[in-house]
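Following the hints, position chains B, C and D against chain A.
Protein chains in written order, with my numbering: chain A, 1 to 460; chain B, 1 to 460; chain C, 1 to 460; chain D, 1 to 460.
Keep in mind that the hints were calculated from the coordinates and are not lab data.
Keep in mind the model is a prediction, meaning the values are calculated, not measured.
Hints may contain errors.
The list cannot tell twin chains apart, which means a pair is met if one copy fits it or any two copies do.
[To be verified] In silico DSS-like cross-links for lysine-lysine, where the CA-CA straight-line distance does not exceed 27 Å:
1. 402 / 347
2. 98 / 145
3. 149 / 384
4. 290 / 363
5. 44 / 290
6. 149 / 347
There are 4 protein chains.
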Amino acid sequence: HLIYSYLIHTILSLLVLLSQGILERLDAGEVVIGDGGFVFALEKRGYVKAGPWTPEAAAEHPEAVRQLHREFLRAGANVMQTFTFYASDDKLENRGNKLTFTGVQINEAACDLAHEVANEGDALVAGGVSQTPSYLSCKSEADVKAIFKKQLDVFIKKNVDFLIAEYFEHVEEAVWAVEVLKETGKPVAASLCIGPQGDMHGVSAGECAVRLVKAGAQIVGINCHFDPMTCVKTVKLMKEGVEKAGLKAHYMVQPLAYHTPDCSCQGFIDLPEFPFGLEPRILTRWDMQKYAREAYNAGIHFIGGCCGFEPYHIRAVAEELAPERGFLPPASEKHGNWGAGLEMHTKPWVRARARRDYWQNLKPASGRPLCPSLSTPDGWGVTKGHSDLLQQKEATTQDQLKQLFDRRSEIKVTGSEPEVVMGSKVSSKMAAPTARVIQAVRPHAPLIKFPKRQDLPKPN
Amino acid sequence: HLIYSYLIHTILSLLVLLSQGILERLDAGEVVIGDGGFVFALEKRGYVKAGPWTPEAAAEHPEAVRQLHREFLRAGANVMQTFTFYASDDKLENRGNKLTFTGVQINEAACDLAHEVANEGDALVAGGVSQTPSYLSCKSEADVKAIFKKQLDVFIKKNVDFLIAEYFEHVEEAVWAVEVLKETGKPVAASLCIGPQGDMHGVSAGECAVRLVKAGAQIVGINCHFDPMTCVKTVKLMKEGVEKAGLKAHYMVQPLAYHTPDCSCQGFIDLPEFPFGLEPRILTRWDMQKYAREAYNAGIHFIGGCCGFEPYHIRAVAEELAPERGFLPPASEKHGNWGAGLEMHTKPWVRARARRDYWQNLKPASGRPLCPSLSTPDGWGVTKGHSDLLQQKEATTQDQLKQLFDRRSEIKVTGSEPEVVMGSKVSSKMAAPTARVIQAVRPHAPLIKFPKRQDLPKPN
Amino acid sequence: HLIYSYLIHTILSLLVLLSQGILERLDAGEVVIGDGGFVFALEKRGYVKAGPWTPEAAAEHPEAVRQLHREFLRAGANVMQTFTFYASDDKLENRGNKLTFTGVQINEAACDLAHEVANEGDALVAGGVSQTPSYLSCKSEADVKAIFKKQLDVFIKKNVDFLIAEYFEHVEEAVWAVEVLKETGKPVAASLCIGPQGDMHGVSAGECAVRLVKAGAQIVGINCHFDPMTCVKTVKLMKEGVEKAGLKAHYMVQPLAYHTPDCSCQGFIDLPEFPFGLEPRILTRWDMQKYAREAYNAGIHFIGGCCGFEPYHIRAVAEELAPERGFLPPASEKHGNWGAGLEMHTKPWVRARARRDYWQNLKPASGRPLCPSLSTPDGWGVTKGHSDLLQQKEATTQDQLKQLFDRRSEIKVTGSEPEVVMGSKVSSKMAAPTARVIQAVRPHAPLIKFPKRQDLPKPN
Amino acid sequence: HLIYSYLIHTILSLLVLLSQGILERLDAGEVVIGDGGFVFALEKRGYVKAGPWTPEAAAEHPEAVRQLHREFLRAGANVMQTFTFYASDDKLENRGNKLTFTGVQINEAACDLAHEVANEGDALVAGGVSQTPSYLSCKSEADVKAIFKKQLDVFIKKNVDFLIAEYFEHVEEAVWAVEVLKETGKPVAASLCIGPQGDMHGVSAGECAVRLVKAGAQIVGINCHFDPMTCVKTVKLMKEGVEKAGLKAHYMVQPLAYHTPDCSCQGFIDLPEFPFGLEPRILTRWDMQKYAREAYNAGIHFIGGCCGFEPYHIRAVAEELAPERGFLPPASEKHGNWGAGLEMHTKPWVRARARRDYWQNLKPASGRPLCPSLSTPDGWGVTKGHSDLLQQKEATTQDQLKQLFDRRSEIKVTGSEPEVVMGSKVSSKMAAPTARVIQAVRPHAPLIKFPKRQDLPKPN
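The shape of chain A in the complex, shown without the other chains:
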């Protein structure tokens, strides 16, 4: 009888757990693991086009999107984000992007896929909106909100579990998004793609977080644009801001899977390697375990990934936090903890690598001796409000391209070198806004007019 009643109790607990929403989970102190970014992963698989980065694959090739959802689920993700990144109508039609599916069709297909896979496990479905070309092109608040509203209608119809406004470079636009999403009554998370220096208009990370919480977001944080450690640092700054303002929130982080120590305020977009030469920067699974621990220690409990994350990166997060969560993800069946699977390797010197301290201390070589370890980011320093960022429906013309090619060479020549600062941990109080104001063409010492040597007075 005891055993029987125990079993019933366990089953009921599990049912309760399964029916819990994102806020209940976070309130209970649970770790919620996000999925990884879809556009980069599916670009490598052949279903997303780099450049427009639009998610029409949800309608065009559902089997590919479904499979990626499933892999993240197996890797330990608790959240299936609808594959609706950049699925606003103004983005789907930007700069000559021509699609056979409408925005509504794509958003609906994405919701169906997320639900289908979420039901295969213990995951919630999150409907997501992201920044719009309309905002960059200086459209009105009403216009921009109307765009979010259109996607939101689909999410409501498809009854997603909660909503995420993510990938915003300007907190102003993110606040507008939160205001729209809040109308539904569903939990709202808001996630900016900014670094420790703050948003593209110079609003500090702490202040950004305060504005988002005041607008109604229950979860705030960072996604994309920077590497995991930088994103965790930025969320810490947000947390400090929220706490200093006497407010309360949950925190989330979904960084890149690329090392980006050399980024300036706009993140990896500015790196010369973006988006087709980022391979040498991809994080290992061990880097990911370090990240997961650091995020957890910082009080961030919604921990996931963005561009560059493959399912094994999410698995590494789940494995690192297995002690806190109490279980390993299904995909760990196919992964020995800290390299333990190598015990089964045929070669003895590879079996000798089946241990934690080996992998934890490894400094992996790039195999590229002709390449540097850091890059000088492009720094055009333009953002919303600058005419360069006006978007257009028509394809970029050859003439427009030529102007850009020429302009780039020019900036490269006159641009000054970035500076590298490396040192002991900076406490968040001391972290300073850097590079907040950047000229469209970076200021540079006037070109030195060096006199011809023969004109100079000669030494004796």
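Chains B, C and D alone, transformed into the frame defined by chain A:
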């Protein structure tokens, strides 16, 4: 009437094309594009365990394997290799690997999946066998051949289009495999995982190729273990050997997608980063285009990939060789040639990267300033015939592991540094066998007994 | 007659110039070029011992010291600093350093050599004092001042042109030094070895400068410990501080000739390469030209060098500022501007390098593919006030050494990784104090107690 | 009485030692330590012009040359080479080089300085000749020999102890030099500046050595152009050649102090960093100790240095071989063995570096994260016999320079990338001639004519 008869003619030609086998295609001078390696790609997706590297996913998770086949097909692959790598019974049961499916079940499932996807496009199905633990453990020729025969029975039953004996470190075992495969009458390809120095017993690449052709292989070449340029170099040596011997063959190459300039004769297995820290070495799509061109120029017409290849890597091969093939692969719908898709990017400085010379000249940074660019490979130098390589069914014990851990530290301490040689192109005639003979523990100058300074006669 | 009167005029002008002191020169807007550091240069030549770094060579091997003075003079230096670095009695006798010459003998010999060579050209003699072991060992202000006074007595007797208090990590001690030096009525320069984060007790660079000016220093700035660009940045912060306080001063900078982007607040002392593995960090002459321009543009007019500078580095400074100074240094007879001397090279492809844009854009390779590009500095974080820094006359015992060796391993293991921040130019207003407070053992997340995998609930 | 007789014995032994010539020393198994290169060291000090690289400083600034001799003597050198590198009349007058001293004056002054310093210690004086512009310009054997003869006349008059023909890229010219030098009856050493691939006309290192020994050289070896380990490897090949031919010789090595793993057959001249950006490649003292041991173990007993060597590098050689030699050099008074001097450092974490294993295992960072670790050498591939190498007395004209600048850009664009080969030790038997034949413009695959994408048949 003319149009009508033209249409019929075209359709008939296509039917002929579709019914052509691997040898007809190669004889006609066609480029045949292989797929990428499955074990590494599926390990990242959560379906293969690094260590045993066995392909039970074909039976366990067919949807994942099917999806990967499909992505390679879309990327341009003409060959669907059955996911039967390491699917010999002695490997499936090695060192404590416990599986719920039998070898026959796995091999059959793999054949079904390859056929299913091949039929979605213009691809051939190749049944593959690879090197066995039995050979490494010094089993007899008959024993080893019996193992190949068992897999072959499935391939015949499932009627694959041709056969590949791949991933052999010792030409002797590859010859045995070819002899078994030849009995079926199907075309046979043979591919070693050796570098320009030759096989693990010191047989030169040219001589290896000659033995394989004499054993009956119609296609010979290299797969795995080294980066693309090194593999192409090795196939060139094989071609020279075959031609010098007055023989004829077709050539294939299916390299790693990792830069491995620092490997010694056993390839990337010896690199300290293998298998969980290889990320910084992953080739970009532009590296792949260079590889495809180089392979084609070397007279190699069966061009594919192995470990580390993702679908977009194969797509890059197909895009580079599109002029020769006359068409682009389906996945190029989602890829602008040489970065052309970036014309649609919202940021002007990213649109400024939409051109060939930008990507062709980029030297991508690692983002890892604390890491070196090259590694010192492990060099235990043991191979078949050495007791260290005897395999066992039982899991490796903790005691066995401890011995390995200790031994590694010892070798590291006494090991001498590798040498880097870099220079202008080496013509194949001049390429020399290096490092053919390696001691189990590398020879080292006796530890210098430096006298205490106070014991030395003092100057002045 | 005209020519004759012109000649007389020129000679008189030169005589006026030659009789001008350091302040007259700086007041007139002249560029004053310092020399390079003597201890590192003479260590390489075999006359100074790394560890104690004391200048007994002035008395022991005057020919070597004289020759180095002469080389810096030829390279363009206007200032001959007496080779009296670390020539205070408490340093000459520290930790078992045994010398045959007294402090007075060494200081006197150094003054004689500086005067002798200064008279061969247009240079001033500067007597220099530097930080003392007594201060680090928490001796009283009176004790420390008495030590400076003893060196000063020699400088007065030998009638140097002006005085420099240099290489101070703590502004408090530097202020004491300035107070002593001021008593003589000679011009006083004060130079700290701190970075943008401020001194070792957390006083900001701006505040340090204000205190030094208030104590009576007419010239303030930075020497040693960081690379040129970092030092220029720090002097800019000092200048801002001085100007904000409504004070006036001249500025000086004498940085390292080593790239140190990875340093924390104590500079290159903490780098693992200090002092015997710094070679790969040595600046090229082109780096030096960039530095000289940057310093000049920042309003710094006393520009020299410290450890790592060789005569050709000073020559590069003089060549970059030749337009401002109106002449080239004597040693430029043996140096073509921007590589022009290569026009005389026998090999055509080397002659093809005889141009400015070649050298200005070159990114020189390290030739060390097994080495990283940045290091993790040691971060014991102890400074004056910590018992670890008490000095002793006796040699360090083997037991004391063993404790240090063990302690280092311990710190390395628990230490967290440094962070790299790289981005667009930070305006000085935004630069933040980083790493001001460092624990003796850096804080670290408690070691993760990872449960044994078999104890975890298994996923189905 | 016993002590007295012991003293006399010791003094006599020392006298015998001092009177011994180079061959007696080598025959007795002694280690003979050479000095370092003068042109690079004096260029940094301001007395030699990079480009012509001529040694007029011997006459112009004897104090600087004397001091450098003295520093190498103190560092442990047994040989003072006359500073007569490139002091042949045809080189002194090449390409607009205008000097106030005649060739005879320079050669005589150099001999006097070498003698003067050699007498301060236990060193021999070696008169040196090197390759001539006349040979490169295809002058006759008689013409070239006449040039050597002119320098030799000075050496005989000044009675040097032995002769060195060094820095020859073509063994043919070196043989001519040896034939001239042999006429004097003095011992002759011959040293080529070639790598393991052999001389610039493709003669193997072994064959070069045989020809030199047959011409009468008693000591043969390598100097300049490559890093220490590469030079030792080449001398090993020479030794094998000599022994295989049944001949006998002593061996010498005087390499660069720069890491050059990326060089092709002409060595560091081809590196883009030559000569003004080589700093990051400078060897540490610990690299030098490794080199000295390796050279000694290879049976090379005349061990010195060439370009890049500073006195402390020679001291490191002398310290490593102190057990074999039985004494430390005078300059070791100012150097603790394996960092022992750091025991006297004020900072505890620097004292923690006072031990051999610290320095032996350090992988020093470059401090240059924007720079690669290897370079692509220039590869014009022209040598004696090619019109590009004809020399001229007149200065290079602007027009001639422009042609070179243009040509370089052209070669860079069409040139293929070098290849890196890195692996286990190559035994000398296996070392292969690489890159022996290089086209003036490297062969390259014809530029791929990629069809416009719109012209290609579209998939689906």
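From the Cα coordinates, with 27 Å as the cut-off, is the pair residue 402 and residue 347 best called within, between, both, or neither? between (54 Å within a copy, 15 Å between copies)
Between copies, within a copy, both or neither: which fits residue 98 and residue 145 at Cα up to 27 Å? Only inside one copy: residue 98 and residue 145 sit 24 Å apart there, 56 Å across copies, limit 27 Å.
How do residue 290 and residue 363 come out at 27 Å by Cα distance, when the copy is not named: within, between, both, or neither? Both ways: residue 290 and residue 363 sit 14 Å apart in one copy and 24 Å across, limit 27 Å.
I want to check one pair: residue 44 and residue 290. Are their C-alpha atoms no more than 27 Å apart within a copy, between two copies, both, or neither? both (26 Å within a copy, 18 Å between copies)
At most 27 Å between C-alpha atoms: does residue 149 with residue 384 qualify within a copy, between copies, both, or neither? Result: close within a single copy only, 22 Å intra versus 62 Å inter.
Are the CA atoms of residue 149 and residue 347 at most 27 Å apart within a copy, between copies, both, or neither? Between. Shortest inter-copy distance 25 Å satisfies the 27 Å Cα cut-off; intra-copy 58 Å does not.
Of the numbered hints listed earlier, not one is contradicted by the structure.
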